[in-house]
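Trainee: Below, each chain spelled out in residue letters.
There are 2 protein chains.
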Amino acid sequence: MAEKITSRSVDYSQWYIDIVLKAKLADYSPVKGSMVIRPRGYAIWERLRDELDRRFKETGHQNAYFPLFIPMSFLKKEAEHVEGFSPELAVVTHAGGEELEEPLVVRPTSETIIWSKYRDWIQSYRDLPLLYNQWANVVRWEKRTRLFLRTSEFLWQEGHTAHETRAEAVAETELMLEVYRKFAEEYLCLPVIAGKKSESEKFAGAVDTYSIEAMMQDKKALQAGTSHFLGQNFAKAFDVQYQTREGGLDYVWATSWGVSTRLVGAIIMTHSDDKGLVLPPVLAQEEVVIVPIFKTDTKAEVLAYTDKILAALKAAGRRVVLDADDNSPGWKFAEWEMRGVPLRIEAGPKDMAAGTVVIARRDTGEKVVVAVAEIPAKVAELLAAMQKDLLEKARAFREANTHDIADYPAMLAFYSKEGAGIDSATGGFARGLWCGGRECEAKLKADTKVTIRNMPADQQQDINGACCLCGAPAKHRAIFARSY
Amino acid sequence: MAEKITSRSVDYSQWYIDIVLKAKLADYSPVKGSMVIRPRGYAIWERLRDELDRRFKETGHQNAYFPLFIPMSFLKKEAEHVEGFSPELAVVTHAGGEELEEPLVVRPTSETIIWSKYRDWIQSYRDLPLLYNQWANVVRWEKRTRLFLRTSEFLWQEGHTAHETRAEAVAETELMLEVYRKFAEEYLCLPVIAGKKSESEKFAGAVDTYSIEAMMQDKKALQAGTSHFLGQNFAKAFDVQYQTREGGLDYVWATSWGVSTRLVGAIIMTHSDDKGLVLPPVLAQEEVVIVPIFKTDTKAEVLAYTDKILAALKAAGRRVVLDADDNSPGWKFAEWEMRGVPLRIEAGPKDMAAGTVVIARRDTGEKVVVAVAEIPAKVAELLAAMQKDLLEKARAFREANTHDIADYPAMLAFYSKEGAGIDSATGGFARGLWCGGRECEAKLKADTKVTIRNMPADQQQDINGACCLCGAPAKHRAIFARSY
Chain A
422 MAEKITSRSV
432 DYSQWYIDIV
442 LKAKLADYSP
452 VKGSMVIRPR
462 GYAIWERLRD
472 ELDRRFKETG
482 HQNAYFPLFI
492 PMSFLKKEAE
502 HVEGFSPELA
512 VVTHAGGEEL
522 EEPLVVRPTS
532 ETIIWSKYRD
542 WIQSYRDLPL
552 LYNQWANVVR
562 WEKRTRLFLR
572 TSEFLWQEGH
582 TAHETRAEAV
592 AETELMLEVY
602 RKFAEEYLCL
612 PVIAGKKSES
622 EKFAGAVDTY
632 SIEAMMQDKK
642 ALQAGTSHFL
652 GQNFAKAFDV
662 QYQTREGGLD
672 YVWATSWGVS
682 TRLVGAIIMT
692 HSDDKGLVLP
702 PVLAQEEVVI
712 VPIFKTDTKA
722 EVLAYTDKIL
732 AALKAAGRRV
742 VLDADDNSPG
752 WKFAEWEMRG
762 VPLRIEAGPK
772 DMAAGTVVIA
782 RRDTGEKVVV
792 AVAEIPAKVA
802 ELLAAMQKDL
812 LEKARAFREA
822 NTHDIADYPA
832 MLAFYSKEGA
842 GIDSATGGFA
852 RGLWCGGREC
862 EAKLKADTKV
872 TIRNMPADQQ
882 QDINGACCLC
892 GAPAKHRAIF
902 ARSY
Chain B
422 MAEKITSRSV
432 DYSQWYIDIV
442 LKAKLADYSP
452 VKGSMVIRPR
462 GYAIWERLRD
472 ELDRRFKETG
482 HQNAYFPLFI
492 PMSFLKKEAE
502 HVEGFSPELA
512 VVTHAGGEEL
522 EEPLVVRPTS
532 ETIIWSKYRD
542 WIQSYRDLPL
552 LYNQWANVVR
562 WEKRTRLFLR
572 TSEFLWQEGH
582 TAHETRAEAV
592 AETELMLEVY
602 RKFAEEYLCL
612 PVIAGKKSES
622 EKFAGAVDTY
632 SIEAMMQDKK
642 ALQAGTSHFL
652 GQNFAKAFDV
662 QYQTREGGLD
672 YVWATSWGVS
682 TRLVGAIIMT
692 HSDDKGLVLP
702 PVLAQEEVVI
712 VPIFKTDTKA
722 EVLAYTDKIL
732 AALKAAGRRV
742 VLDADDNSPG
752 WKFAEWEMRG
762 VPLRIEAGPK
772 DMAAGTVVIA
782 RRDTGEKVVV
792 AVAEIPAKVA
802 ELLAAMQKDL
812 LEKARAFREA
822 NTHDIADYPA
832 MLAFYSKEGA
842 GIDSATGGFA
852 RGLWCGGREC
862 EAKLKADTKV
872 TIRNMPADQQ
882 QDINGACCLC
892 GAPAKHRAIF
902 ARSY
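Read top to bottom, the protein sequences are chains A and B.
First residue of the first sequence? That's 422 in the numbering used here, and the numbers climb one at a time after it.
First residue of the second sequence? That's 422 in the numbering used here, and the numbers climb one at a time after it.
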């Protein structure tokens, strides 16, 4: 049997790390805070990157690549931006054997270097919009790190668009939030809440930040993607003006938006169980593992049987692997469950005699007996069902752990237990009215570590009532939670 | 008309830069030596990356991702390696607001960080081989840079494999050289010479380096990819031993291999002309541009005609764009020629009346009249022909400019003119016997800047004779050239 991992109910954090390490998704790096993404982890990132890239292109975006190094002076041009990122910067002071005249920052995000080039490329409304994205590594020096979820270097995409009007830029910000929401739900099986961030939680340099927020199995929130309306802040900082249709001059309007390798952590935390990784089938390196069950005297004939099944599934375009090693079936079952392969096909002499196989689902453990000729169709059906069910299961979990909270005592009671783990009756998402004030929001954070995750776009009707934190007249409905 | 670019015969270097900038492939960056890859340039990289990645996976390789930062002490573990890379390093000394205890190097290549992890992952022959690749950015601080060809930061892939035996590692080195050779020829239309580098030109830390070398239109060589047999050098430096099949302990055998965004420069330099970019069709963002030819009174009907052609080509899966702007046809022709779109379809009222269009090839300028119903088939045929012809044209150019050289006076005469430009009768590749000695090789370089590019694998028979540099008995046949 594969080495057991820590149970979620015993130690949720350790359970997560156990899966990452034992499913060989990632490993620690000799450089503090960095990570090594191993092939099985990178394959997940690659699949989600390709699908997201397809959706970006479908919405008219193009990829480009901007330099890793940014002059320190560029960051200082946008006051809030430099203030937000200063504590996290890695700085190159020497290169080519000499001390540099001006230190170079390793990009924590690329607004400044990109807008310095947009100044060269944008003269007139005819040059707009620019709808650019880049896939890149960024560095934000972190004191407390966790594989995938928070690392000093991570991989991400960052979209940076330039527009003629405020309305167009706001529409782009909202469009990309919606692209993320649909992608998270359809592809990653992550139900998310899309909405605007509070002032205190927005991106350094943005006018408005929007996010998608997911609930992990420990009921904490994880910010899975952000989309920022940057107004004219970076255009002003880098003097990017354009000739308008009316012949005047105006500053260009901007957005930026990104998701990162953190998503891989979100996927693991949302779907996996005490046996190991559970993956949405579309993300799995192998959709199906075939485990032949044999003794020495039946090995040859069983393998002949499973080889045909392997060939049929390959011909059907499935990502499939056959495990013909001499380890015991039980050992193999545990190993492939750890690795998160969505479907397992078991076939031994009895199945052979009946012309059938057993197919087991990774998420539910459910087993079905299937005639050989039906395997490709049944596999397609089960994979589609699993993709759908994982989303619904996660959504049901989130709904069961989201509560309407009316006032501060109720809020404190809801978050009374630190962490409020997977089996606890308290904790989760609190939904409540909010006055929009910074003070009550700050007090809640200080008292409980709970923050406003966002103000769901589809829940801003019927906001008459009192702020659930301070009792003042409400302006928004917000989602509160502890978060990663 | 689009702004003219410098002619190749007037100033080859300026011609190249003109194309890169005016076809909007790349731009200078505010950070010295770095570049910005613009969408039209990145699209070329993306297409070649995806195809190469497919070929890597087909040969059993998996992608992973290792950290950007490497502790300085790691580089020092392999003596030749650190000596080779020291002058080019960018160094992070401060991060998170504090001075680091140990400076971190921004990876110039990743052998050291990767082998430090291989130590954790390899215990037994059962763990071998590891066939990993990563797509990443690297930094090598350069004094003299040129867009795509030599930049301080560049994008590349680096394969790093670990093997049980010397023979297996050598076979992998040769396999990947062959993957590169076929890819360069089939996909990039770059005819290349595959062979071993001389001792003085090999990778810092390698036992043997192999390269593929292409000839640019100015007859200089460009190293388009390298594959290194690393022996046990890095395994010894990082103490990576494995239990052998016989129960003993041995050091692991290694290879590494890479190509970079430099390939985009090679493609531009090999195929383009004085009108601008010429691209192998498989690499082009748009395979076809349709230019409707109309006056105000015929615009609507011509556009109705070309819209149908556009739809038919899209339905056939072609990458096609229609330029319906009000600029003159001549202006549009020049503009799309500059951008390197392989085929142009022209259609005006006369073509409409005849139910035909004119299709022009970007590389030859050749025009054919084609009936509307035949367009998709003719387009497919012309694109395939162009892909084939570009390779053959480049191969013929290389052959015409490769000469057998018997002795040093002949060598000096061949390289008598500095640069020996595109129209010159001298210069190019010299093919000659070589004794293998470092001294005559060094003297040639000092006298002429000419180096040994490699020793072609398929030309090492019949090497009886005298070294063309010093007259000593020959051991190899080599290709000599000035190079990028």
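Warning: the hint list may mix true and false statements.
In this list, chains with the same sequence are indistinguishable; a pair is considered to hold if it fits within one copy or across any two.
As the list claims (entries may be wrong) - Computed cross-link-like contacts, DSS-like style, restricted to lysine-lysine with a CA-CA straight-line distance of at most 25 Å: (1) LYS866 / LYS425; (2) LYS864 / LYS809; (3) LYS497 / LYS453; (4) LYS564 / LYS603; (5) LYS799 / LYS788; (6) LYS799 / LYS809; (7) LYS866 / LYS497; (8) LYS478 / LYS735; (9) LYS497 / LYS814; (10) LYS771 / LYS603; (11) LYS809 / LYS716; (12) LYS425 / LYS443.
Simulated from the structure, these hints should not be mistaken for lab results.
Trainee: Indicate, hint by hint, whether the structure satisfies it.
Mentor: Hint check:
no., hint, verdict
1, LYS866 / LYS425, "neither (37 Å within a copy, 62 Å between copies)"
2, LYS864 / LYS809, "neither (40 Å within a copy, 70 Å between copies)"
3, LYS497 / LYS453, "between (27 Å within a copy, 19 Å between copies)"
4, LYS564 / LYS603, "neither (33 Å within a copy, 47 Å between copies)"
5, LYS799 / LYS788, "within (12 Å within a copy, 53 Å between copies)"
6, LYS799 / LYS809, "within (15 Å within a copy, 44 Å between copies)"
7, LYS866 / LYS497, "neither (29 Å within a copy, 47 Å between copies)"
8, LYS478 / LYS735, "between (29 Å within a copy, 16 Å between copies)"
9, LYS497 / LYS814, "neither (46 Å within a copy, 52 Å between copies)"
10, LYS771 / LYS603, "neither (44 Å within a copy, 48 Å between copies)"
11, LYS809 / LYS716, "neither (37 Å within a copy, 55 Å between copies)"
12, LYS425 / LYS443, "within (9 Å within a copy, 60 Å between copies)"
Hint compliance for this structure: hints 1, 2, 4, 7, 9, 10 and 11 are not met, and every other hint is.
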